Each structure stands twice: as structure tokens, then as C-alpha cells.
Amino acid sequence: MPTAPYLLWEKSRPVSIDEDLWTKWYIEERLPYFVKHNIATNASLYKEIKAPGFRGSEGDACKFLALYQTNLEEPLESLKYPRVPTATEFVPGKQIETCGEIHGRIYKLIQDYDPKSIGQCETWPGKHNQLIAYDSQDSAAFFMTAEMDPIDETDYHNWYTEEHLDMIHKVTGHRRSQRYVMQSKASGSGDLSDVPKFVAAHEFDTLEGYLVGTKEANAAMGSPWTQKHTREARLTVFKMYERIKTVGPD
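Heads up, the sequence shown is in this note's numbering, so the first residue is 94 and it goes up one at a time.
Everything labelled a hint here was simulated from the structure, so no lab data went into it.
Keep in mind it's a predicted model, so treat the numbers as computed, not measured.
Where is the CB? At the ideal position from N, CA and C, for every residue including glycine.
One or more hints might be untrue.
[Unchecked claim] Calculated pairs, DSS-like style, for lysine-lysine (alpha carbon to alpha carbon, straight line, at most 25 Å):
(1) K201 to K156
(2) K290 to K104
(3) K290 to K308
(4) K201 to K104
(5) K104 to K156
(6) K187 to K156
(7) K187 to K129
(8) K143 to K156
(9) K209 to K156
(10) K156 to K338
(11) K104 to K117
[What the hints assert, rightly or not] Estimated spans, in silico, between C-beta atoms of each pair:
(12) E167 to K209: 17 to 25 Å
(13) D245 to E182: 51 to 59 Å
(14) S316 to P208: 35 to 43 Å
(15) N131 to Q276: 16 to 24 Å
Can you make the complete structure from the sequences, with help from the hints?
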């Protein structure tokens with residue numbers, strides 16, 4: 094499916110309920126709501142996993158990441174975010190989103206790197222305009238994020254377009270990548286002064302290249318240009334996620 098021009102990036106964690114119930118709510122109600130009401134063209138839920146060389150921001154307890162592809166520059170204007178109508182009473186007497194933390198940011202797409210033209214050929218199975226859980230082989234199993242606040246933005250963009258993305262694509266399992274710039278934060282999502290301005294999102298079918306440490310992975314992470322930016326950036330956050338569910342339209 095083609096990449097939308099905007100991305101709602103939603104970090105979350107359950108506090109007073111368990112992860113299984115939090116996940117159930119997301120995949121059964123929250124993700125479908127955004128798609129059904131044309132706020133998002135598709136929505137995915139991921140959970141952070143540990144991988145060598147990937148470090149999150151210090152003190153970040155939010156291990157769940159929901160991504161909503163959207164054509165809307167301000168997708169949350171019609172919502173009392175983070176609340177959305179919930180038909181099922183997951184927690185008796187409570188709105189389930191009050192049982193955890195949800196922090197949203199809105200990003201604008203600045204580069205869609207898709208050498209395999211995956212965005213032009215993905216389709217959503219399903220009939221009669223029903224929402225479906227998109228779990229086929231066409232959906233990436235893993236999602237790598239590189240958040241960065243570079244000192245030299247021009248050189249940062251040159252590094253990605255002239256070297257880094259092509260090197261990442263040589264790593265086993267890479268599908269495509271998108272790069273985004275911070276647009277705004279969702280209401281009630283806290284201070285964004287400590288959030289990097291840019292994020293690169295890389296889709297992978299397997300983590301073999303990074304877990305084994307292939308020469309392609311080592312080259313991508315160890316080039317002088319890469320090391321320069323990871324060393325000099327004001328803020329860096331590198332994370333790896335495993336996909337739980339994707340929901341999209343017919």
C-alpha cells in the first residue's frame with residue numbers, strides 16, 4: 094500500500110492492567126476505529142524487542158508503538174485524543190485508555206525509499222468493505238526506527254539519500270524505508286523538547302542481518318559517515334519492534 098504523507102506515531106504502555114488486555118483493546122477497537130472513520134488509511138501495532146546495538150531513550154517505559162498512516166495533516170482535530178469511543182467494556186467502570194499512558198506525535202513524510210516498489214503492489218484482502226487484520230506475507234514482521242536530532246541537517250539528509258539507505262537495503266530482509274520530520278504533538282502528550290526532530294523507519298522481514306552481524310549490517314552501521322552522525326547528534330534513539338497486528342481497509 095502506498096505510503097501516506099503523514100504519520101501519527103503513538104507510544105503507549107499499560108499501567109493498571111496487563112499487556113494482554115492492552116493489546117486486545119488496541120487490535121480489536123482502537124486500530125479499527127482510526128481506519129473505519131477515515132482518520133488513517135491503515136494502522137499497525139508493534140512491541141519493542143531487544144536487539145544488539147539498539148538503545149531506547151533513557152527512562153522510556155512505553156514499549157508499544159502504534160502507527161497510523163494518514164492523509165490528514167491534523168488527523169486528531171475531531172478527536173478528544175487520546176480517547177476514542179470504545180464499545181466493549183474492557184475494564185468495568187473505566188475508560189480503558191485511562192489505565193495506561195498514550196503519547197502521540199504527528200510526522201510529515203520527507204522521503205519514501207521503496208526500491209522494490211512494495212508500496213505499489215500491496216493489497217488488502219477482504220470483501221464487502223469489511224476491515225481486515227492484515228497478517229499476510231506482504232506485511233513486514235519487524236520495524237526498525239532511528240530517531241535523530243542532527244547538528245548539521247543538510248549533511249544528515251545527504252547521508253541518508255547518498256549512502257545510508259542504499260547500505261541498509263543490502264542488509265538481509267530489508268523491504269523499504271520512510272523518513273519523517275516532526276510536525277506536531279498530540280494534545281496531552283507532554284513536552285517534546287527531548288524528542289528528536291527526525292525519524293527514519295525501516296521495514297524488515299527478518300532481523301537475521303543485525304542479529305548475526307553480517308558484513309552488510311556492519312557496513313551500514315559502521316561507515317565513517319554513519320558514525321559521524323550517531324556520534325555528533327544532539328539526540329539519538331534506536332529501537333527495534335516486532336509487529337503484532339495491522340488493520341486496513343478493503
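Taking the hints in turn, this is what the structure says about them:
1. Distance hint between K201 and K156 is fulfilled; the C-alpha atoms sit about 23 Å from each other, no more than 25 Å.
2. Pair hint K290 plus K104 holds up; C-alpha atoms about 16 Å apart against a cutoff of 25 Å.
3. Simply put, K290 and K308 have alpha-carbon atoms about 30 Å apart, too far for the 25 Å limit, and the pair is violated.
4. Distance check on the hinted pair: K201 and K104 sit about 17 Å apart at the alpha-carbon level, within 25 Å; holds.
5. For the hint pairing K104 with K156, the CA-to-CA distance comes to about 7 Å; that is within 25 Å, so the pair holds.
6. A hinted pair counts as satisfied when its Cα atoms are at most 25 Å apart, and K187 with K156 qualifies at roughly 23 Å.
7. Between K187 and K129 the alpha-carbon distance is near 24 Å, which keeps this suggested pair within the 25 Å criterion.
8. For the hint pairing K143 with K156, the CA-to-CA distance comes to about 11 Å; that is within 25 Å, so the pair holds.
9. A threshold of 25 Å between alpha carbons decides the hint, and for K209 with K156 the separation of about 30 Å lies outside it, so the pair is violated.
10. Distance check on the hinted pair: K156 and K338 sit about 15 Å apart at the alpha-carbon level, within 25 Å; holds.
11. For the suggested pair K104 and K117, the alpha carbons sit about 16 Å apart, so the restraint of at most 25 Å is met.
12. In this structure, E167 and K209 break the distance hint of 17 to 25 Å, their C-beta atoms being roughly 32 Å apart.
13. At roughly 52 Å, the beta-carbon separation of D245 and E182 lies within the given 51 to 59 Å, and the hint holds.
14. A hinted range of 35 to 43 Å for the beta carbons of S316 and P208 is inconsistent with their spacing of about 19 Å.
15. Between N131 and Q276, the C-beta spacing of about 19 Å keeps the proposed range 16 to 24 Å intact.
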